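Visitor: Let's have the full structure, built from the sequences with the hints guiding it.
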Amino acid sequence: MTEATGIKCCIAGKILRVNLSTGKISTQNTEKYARKTLGGRGINSLIMLNEIEPKTKWDDPDNLLCFGTGSLVGTMAPGSCRVDISTINVFSGGKGSANVGGFWGPELKYAGYDNIIVSGKSKKPVYLYINDNRIELREASSLWGQTTYETDNILRRELGDEHIKIAAIGPAGENRVRGSAIIVDTAKAAGGSGVGCVMGDKRLKAVVVRGHGKIEVADPQGYMEEVAKCYRQCAENESLVLSMRRGTIDLFVDQEFPAWNLEMVARNGQDDYWQKEKRIRLMNPETGIPSLRKWVRACPSCPTGCMPYLEINKGKYEGLKGEGIWVNTIQSAARFDIDDPEVMIKFWLLANQLGLDTDYITAGLSWLFECYEKGFITKKDTGGLELTWGNGEALIELIKMVAYRQGIGNLLADGMVEAAEKIGGGSEYYLIHMKGQPSQESYRILKGWGLAVSTSPVAGRHLRGATQGPEHFGPRGLDFKATEYRNQPKAVIWQGKTKELEDNLGICSYVGTWIGAHFLTPANFVGLVNAGMGLNLTEEEMMDHYALLGRNLEKAFNALHTDLSREDDLPPKRFREEEVKSGPFKGFKADEDKYNEMLDELYGLWGWDRKTGMQTRSGLERLGLKEIADKLARQGKLVDR
Amino acid sequence: MEIIRNPSLCYGCRTCQIACSFHHTGSFWPDRSSIDVLRNPQTGVIKWSIDSTCDECKSEKEPLCTKYCTYKAIRANSRK
Numbered sequence: 001m002t003e004a005t006g007i008k009c010c011i012a013g014k015i016l017r018v019n020l021s022t023g024k025i026s027t028q029n030t031e032k033y034a035r036k037t038l039g040g041r042g043i044n045s046l047i048m049l050n051e052i053e054p055k056t057k058w059d060d061p062d063n064l065l066c067f068g069t070g071s072l073v074g075t076m077a078p079g080s081c082r083v084d085i086s087t088i089n090v091f092s093g094g095k096g097s098a099n100v101g102g103f104w105g106p107e108l109k110y111a112g113y114d115n116i117i118v119s120g121k122s123k124k125p126v127y128l129y130i131n132d133n134r135i136e137l138r139e140a141s142s143l144w145g146q147t148t149y150e151t152d153n154i155l156r157r158e159l160g161d162e163h164i165k166i167a168a169i170g171p172a173g174e175n176r177v178r179g180s181a182i183i184v185d186t187a188k189a190a191g192g193s194g195v196g197c198v199m200g201d202k203r204l205k206a207v208v209v210r211g212h213g214k215i216e217v218a219d220p221q222g223y224m225e226e227v228a229k230c231y232r233q234c235a236e237n238e239s240l241v242l243s244m245r246r247g248t249i250d251l252f253v254d255q256e257f258p259a260w261n262l263e264m265v266a267r268n269g270q271d272d273y274w275q276k277e278k279r280i281r282l283m284n285p286e287t288g289i290p291s292l293r294k295w296v297r298a299c300p301s302c303p304t305g306c307m308p309y310l311e312i313n314k315g316k317y318e319g320l321k322g323e324g325i326w327v328n329t330i331q332s333a334a335r336f337d338i339d340d341p342e343v344m345i346k347f348w349l350l351a352n353q354l355g356l357d358t359d360y361i362t363a364g365l366s367w368l369f370e371c372y373e374k375g376f377i378t379k380k381d382t383g384g385l386e387l388t389w390g391n392g393e394a395l396i397e398l399i400k401m402v403a404y405r406q407g408i409g410n411l412l413a414d415g416m417v418e419a420a421e422k423i424g425g426g427s428e429y430y431l432i433h434m435k436g437q438p439s440q441e442s443y444r445i446l447k448g449w450g451l452a453v454s455t456s457p458v459a460g461r462h463l464r465g466a467t468q469g470p471e472h473f474g475p476r477g478l479d480f481k482a483t484e485y486r487n488q489p490k491a492v493i494w495q496g497k498t499k500e501l502e503d504n505l506g507i508c509s510y511v512g513t514w515i516g517a518h519f520l521t522p523a524n525f526v527g528l529v530n531a532g533m534g535l536n537l538t539e540e541e542m543m544d545h546y547a548l549l550g551r552n553l554e555k556a557f558n559a560l561h562t563d564l565s566r567e568d569d570l571p572p573k574r575f576r577e578e579e580v581k582s583g584p585f586k587g588f589k590a591d592e593d594k595y596n597e598m599l600d601e602l603y604g605l606w607g608w609d610r611k612t613g614m615q616t617r618s619g620l621e622r623l624g625l626k627e628i629a630d631k632l633a634r635q636g637k638l639v640d641r
Numbered sequence: 001m002e003i004i005r006n007p008s009l010c011y012g013c014r015t016c017q018i019a020c021s022f023h024h025t026g027s028f029w030p031d032r033s034s035i036d037v038l039r040n041p042q043t044g045v046i047k048w049s050i051d052s053t054c055d056e057c058k059s060e061k062e063p064l065c066t067k068y069c070t071y072k073a074i075r076a077n078s079r080k
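Chains as they are written, first to last, in the numbering used here: chain P, 1 to 641; chain W, 1 to 80.
Read the hints as simulated data drawn from the structure, not as lab findings. Please note that the accuracy of each hint is not assured.
To be verified - No more than 25 Å apart at the CA atoms, straight line, and that leaves these computed lysine-lysine pairs for DSS-like:
| no. | chain 1 | residue 1 | chain 2 | residue 2 |
| --- | --- | --- | --- | --- |
| 1 | P | Lys214 | W | Lys47 |
| 2 | W | Lys72 | P | Lys229 |
| 3 | W | Lys58 | P | Lys229 |
| 4 | W | Lys47 | P | Lys294 |
| 5 | W | Lys72 | P | Lys294 |
| 6 | P | Lys229 | W | Lys67 |
| 7 | W | Lys61 | P | Lys229 |
Computed from a predicted model, the values in this text were never measured in an experiment.
Guide: Written out as structure tokens, the structure reads:
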């Protein structure tokens with residue numbers, strides 16, 4: 001297989017292994033893993049595939065919780081701060097992965113580590129403290145039960161070091177709420193797959209990092225020339241940069257911004273259109289969310305910045321402040337029909353404090369609101385809460401009930417699919433999920449978006465190739481439209497492959513190939529990798545080997561660990577059956593035949609069997625994965641040609 | 001020459017700190033930078049400081065911290 005032999009630099013060099021059952025801590029060299037995958041998520045995926053036995057469950061001590069910084073993290077490459085967190089997906093039982101930015105990843109590399117692989121399960125709550133070569137598992141009983149904000153305060157006070165960087169879970173993760181996140185810098189969430197639930201199950205409250213070392217690159221001047229090129233590309237797209245600098249939500253101040261009509265799923269999917277008067281109330285520059293923005297902040301090495309800091313100075317949430325609020329927040333507002341800006345800010349910051357994934361909360365709890373509307377549950381079940389559309393106060397209470405497993409929250413905490421089975425009576429149909437994970441995405445209007453979310457190996461989520469038309473997504477020059485089926489698989493695979501590379505290199509999609517920034521393109525990835533790591537790769541090798549490999553590692557993990565099939569790659573049933581009821585896309589739905597045609601083509605492009613979606617021997621052997629192919633064949637999960 | 005930062009324009013991305021370390025060491029080594037950027041994650045407040053090891057990037061066409069600050073938060077008085 002293609003292997004990047006002779007990696008000289010850029011990686012920190014060591015993988016840290018921590019066994020929470022035994023307390024054993026060790027290190028190993030990163031290089032042999034980086035040679036195969038280029039780093040980051042690729043290393044996590046490879047380790048999971050090699051070391052986790054099929055039939056292992058997410059809450060078995062043998063499940064691994066893997067933190068992986070990308071190989072360019074800690075350098076000046078724009079957006080080079082991202083961390084992949086992989087583990088068994090608590091929803092699908094297959095591959096789980098969540099990606100997060102912030103200062104934690106670079107700090108880990110300065111401490112000398114590319115990845116941390118956590119195994120076992122601690123008897124008592126602990127946190128992992130890393131200060132260069134000093135690695136300690138410390139007692140965390142004073143932190144257990146605390147929010148991520150309080151955890152941050154206590155650790156800073158106890159350690160007396162303002163420079164520490166913290167990745168922590170909140171009460172939700174401790175209570176093994178399925179949709180729990182790992183929160184970095186108190187504000188950035190590694191949200192999907194229930195990674196925070198696994199961390200809580202292992203009784204690991206936080207990973208605290210301080211690093212004093214350096215990241216070297218093979219060709220310093222060549223690397224900086226490539227960095228300068230990326231900065232020039234950034235400057236050429238000034239209007240987008242200036243928008244992002246007000247926070248990505250600022251694009252939605254313009255009521256004519258196309259995404260308003262394309263990606264809002266209202267009232268748990270009863271419609272894909274949210275009325276203009278509500279949009280205006282939520283995003284009015286004078287009185288809406290933008291008016292509560294104190295400033296905007298950037299992740300390390302980011303030339304754009306995108307994260308608003310909100311502060312509420314009066315009213316029922318007076319004194320509330322913190323970083324957060326994304327486009328997802330606006331989608332959530334539509335999902336619950338809440339146009340109160342302060343409630344949405346409270347919702348978002350509360351989720352960060354409690355360590356909850358907002359997609360889980362949004363898709364899961366909006367389903368519960370619909371259950372209430374349709375009479376599947378009553379006030380008696382909700383502890384008196386009136387779950388009527390737009391009732392933000394009730395939503396806030398319900399979120400707390402989920403995190404602390406109170407009342408009906410206890411039922412929801414064990415998973416929404418499980419809750420739907422218990423509530424029954426036909427309510428299951430209204431729960432929107434992908435492979436078991438609650439999903440808040442648009443499937444009926446945005447065809448490429450829906451295709452990518454449906455086929456994501458980590459059970460839904462839009463960052464694995466979602467597209468929204470050629471202005472912002474897909475390879476330059478491809479003829480496709482956001483709302484049409486034609487050519488979507490070609491756009492989706494390109495977007496998916498570039499994301500594979502971004503996650504291995506640790507580059508933020510916002511400055512990479514997503515949303516149309518293109519400050520870094522695959523050509524820049526090649527330039528940075530070659531100058532940084534001392535390699536001599538081509539763009540074709542990056543896209544046709546490493547990117548394909550990344551997706552195939554996760555696909556193989558799913559095949560070995562689950563019974564997911566082609567049917568699970570189709571959009572949720574509701575969106576295949578019910579049409580959009582109003583707005584410019586009235587009548588749209590996720591046409592099953594058309595989605596199946598897209599699946600055929602997309603499977604083929606990934607090198608899989610078009611009919612079953614299964615991997616093929618020749619495809620895997622081409623990627624150097626003969627042993628994996630043999631393993632799959634033994635389980636009857638391979639098309640042997 | 002003096003390196004001056006405008007706090008109201010700064011996003012706390014720490015690029016100036018890392019660029020400075022590249023000037024000093026040829027690597028990305030924030031601990032060996034003349035600049036220290038510290039952002040409190042909860043308040044969003046940024047503490048920025050520059051120490052006496054700053055040599056104004058005499059070997060460069062312009063100081064790397066100002067060159068790579070796309071937020072225009074750092075500027076240098078021009079060299080005479």
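Visitor: Determine for every hint whether it applies to the structure shown.
Guide: For each hint, the structure was consulted:
no. : hint                  : verdict
1   : P:Lys214 with W:Lys47 : holds, 22 Å
2   : W:Lys72 with P:Lys229 : holds, 18 Å
3   : W:Lys58 with P:Lys229 : holds, 23 Å
4   : W:Lys47 with P:Lys294 : holds, 17 Å
5   : W:Lys72 with P:Lys294 : holds, 19 Å
6   : P:Lys229 with W:Lys67 : holds, 13 Å
7   : W:Lys61 with P:Lys229 : holds, 17 Å
Hint violations for this structure: none, all hints satisfied.
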